[in-house]
Amino acid sequence: MKELWKGNEAVAEAAVRAGCEAYFGYPITPQTELLEYMSRRMPELGRVFIQAESELAAINMVYGAACTGARTMTSSSSPGVSLMQEGLSYIAGSEVPAVLVDVMRVGPGLGNIQPSQGDYNQLVKFGGHGDFKAICLAPSTVQESVDLMALSFDLAQKYRTLVYLVSDGALGQMMEPAELPPMRPINKQRPAWALTGADHRPPNIITSIYLDPERMEKLNLRLQAKLNEIRKNEVRWKELMTEDAELLLVAYGTMGRVCYTAMKQARSEGIKVGLLRPITLWPYPSARIAELAEQVHGILTVEMSAGQMVEDVRLAVEGRCPVQFYGRMGGIVPLPDEVLNVIHEMNEELVMARPGETVTVS
Amino acid sequence: MSVQMTREEVVFKRPAPLGEAFTHYCPGCTHGIIHRLVAEVIDELGVAGKTVGVAPVGCAVFAYNYFNLDFAEAAHGRATAMATGIKRVQPDKVVFTYQGDGDLAAIGTGETVHVATRGENITVIFVNNAVYGMTGGQMAPTTLPGMTTTSSQTGRDVELQGYPLRMSELLATTSGAAYVVRRSVHDIANIRKTKKALMTAFKVQMQSMGFSLVEVLSTCPTNWGMPAANALQFIEEKMVPYYPLGDYKVMDAVRPLVVN
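Sequences listed follow chains A and B, in order. For the first sequence, the residue numbers in the numbering used here are 1104 to 1465. For the second sequence, the residue numbers in the numbering used here are 10 to 269.
Chain A with its partners taken away, still in its complex shape:
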């Protein structure tokens, strides 16, 4: 049954139902409802909730709890995630599963509390030190936030890795109908590597330091092999009206839904526009974008940033077709009309270019 849920609270309840055993966080707008919800829900179920003294402490509490094999998470917003990067790097190097929800707001600096997609780089490119990539799942509705929250825990445990649920101030604050999954039982079975006490077994050590360069490189090679496995198995995206598309929109999260509206409007005007909405920002649907770049005459990437994801689009396209960018910053969410205007401009350019076929390279 669908109910009306606020994005942040729906994500919190979805985490609870996915068997989250421990939540550690620090208040920050526009994420705070998630923490508040957990502050009453987790103790009610006899589970762990701590409001930490900082994001640094919160992420390191997550690190500790994750070392026990328990389903563990935190949530924050952009400046808080910047603070967590050190701990996230340790979690990555130690190969313990953990989930972070980032309800993105505007930067740089204190910025403001409006929606933004300015964390793409620090999430997708891995903002901490060292070579790593976290799985980044980007929902575009409250329902999808709920669905991807459960998947986040599953993937984190499957690969013993970090999973980021990439939300933003709009998705976190909006209310939409959503159906929550049934409560899953908590799996009290601890994995063999967990720190549960060396009772009749050799001690388990969870660390990320290896002074011997050979050993340290070996750990890194193992991490890279794991990341390659994830690249192979976990790429997710959604496509709409791409079959006959001549112009492709690429946008994620909140911008994915704005672009959907713009696409429908353009279609009603007879412009053949399609939409590819990456669901995994890492691993990125590069192969599919490369394929579509052979078919379409141009790609428009729309973000609430100065253009962060567009770099990945260009890397995937490799010059096969023109890639344009449209974005707003400061907490301004581009309206469908704004996107439509850019579609009109691009379409005109493409129509002009078409007789000589100088634009499409296939």
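Keep in mind that the hints are not guaranteed to be accurate.
[Claimed, not checked] As a list, the in silico SDA-like pairs of lysine to any residue whose alpha-carbon atoms are at most 25 Å apart: (1) B/LYS22 to A/PRO1305; (2) A/LYS1291 to B/GLY58; (3) B/LYS102 to A/PRO1306; (4) B/LYS102 to A/PHE1152; (5) B/LYS212 to A/PRO1306; (6) B/LYS102 to A/GLY1122; (7) B/LYS59 to A/GLY1149; (8) B/LYS247 to B/ARG201.
Simulated from the structure, these hints should not be mistaken for lab results.
Model the placement of chain B on the given structure of chain A, informed by the hints.
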């Protein structure tokens, strides 16, 4: 001629929770003594199979190589936050951190104060040697006024570099702290007192009475630039006057547990 046969009896041995690896600690460093005391206490309490340690960043970064215990390696200063996560999910385990002064009293001060005031049911072993050992002898938050280090080369000038922090005194003011004491390992009598304090601290945790911390004044002959024997004397003559040994917080409920 008859040979008198007597049964040999083991009167002194390595406590099981202490591993057989050679440590990387410098000659004359008292980390080894403190490691041994922790292992003896865990052994005597019979809790090795349900103990999880958290190592710091600093000289004790490889502590996990020297104990036969489950161990995590924390980020610099965050050992108590990590221990909090481990303990809250598994309240039946015995969880301790082993941290130096840079880790606990500089970069991790926030975590230290808050873990105490939350009354987190863990035990902290705080090794205070007044210097950053691992990075080669820089000034620590606990470096004494006038003390020479590689980053206070003409002696710590309190006008420029401020005063050393007395952590036990500070933490004793938190309501969540159940047992906070300062000990030293510069002679046999004090080593024995340190062990009793560690025993009490772990018992406090096992009785779920709240936060326990044992600060131990420890030597660093290498970075203090003196022979080991002089370093022991330095603790007694220079460190103890600034960091008086004693019990800074013993909750009433804890008193019956105190090992004398």
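Query - Pair hint B/LYS22 and A/PRO1305, alpha-carbon separation not exceeding 25 Å - result: holds (20 Å)
Query - Restraint check for B/LYS59 with A/GLY1149, where alpha carbons must lie at most 25 Å apart - result: holds (22 Å)
**Report entry** Distance restraint between B/LYS247 and B/ARG201, which requires alpha-carbon spacing of 25 Å or less
**Finding:** holds (21 Å)
Query raised in the report: Between B/LYS212 and A/PRO1306, is the straight-line Cα distance small enough, at 25 Å or below?
Result: OK: B/LYS212 and A/PRO1306 at ~23 Å, within 25 Å.
Query raised in the report: If you draw a straight line from the CA of A/LYS1291 to the CA of B/GLY58, is it 25 Å or shorter?
Result: holds (19 Å)
Query raised in the report: Hey, B/LYS102 versus A/GLY1122, does the alpha-carbon distance stay inside 25 Å?
Result: Satisfied, since the Cα-Cα distance of roughly 22 Å is no more than 25 Å.
Query raised in the report: Is the hinted pair B/LYS102 and A/PHE1152 satisfied, with a Cα-Cα distance of at most 25 Å?
Result: holds (18 Å)
Query - Pair hint outcome, B/LYS102 versus A/PRO1306 [Cα-Cα no greater than 25 Å] - result: Within the cut-off at roughly 14 Å; holds.
Hint check: no violations occur; every hint is consistent with the structure.
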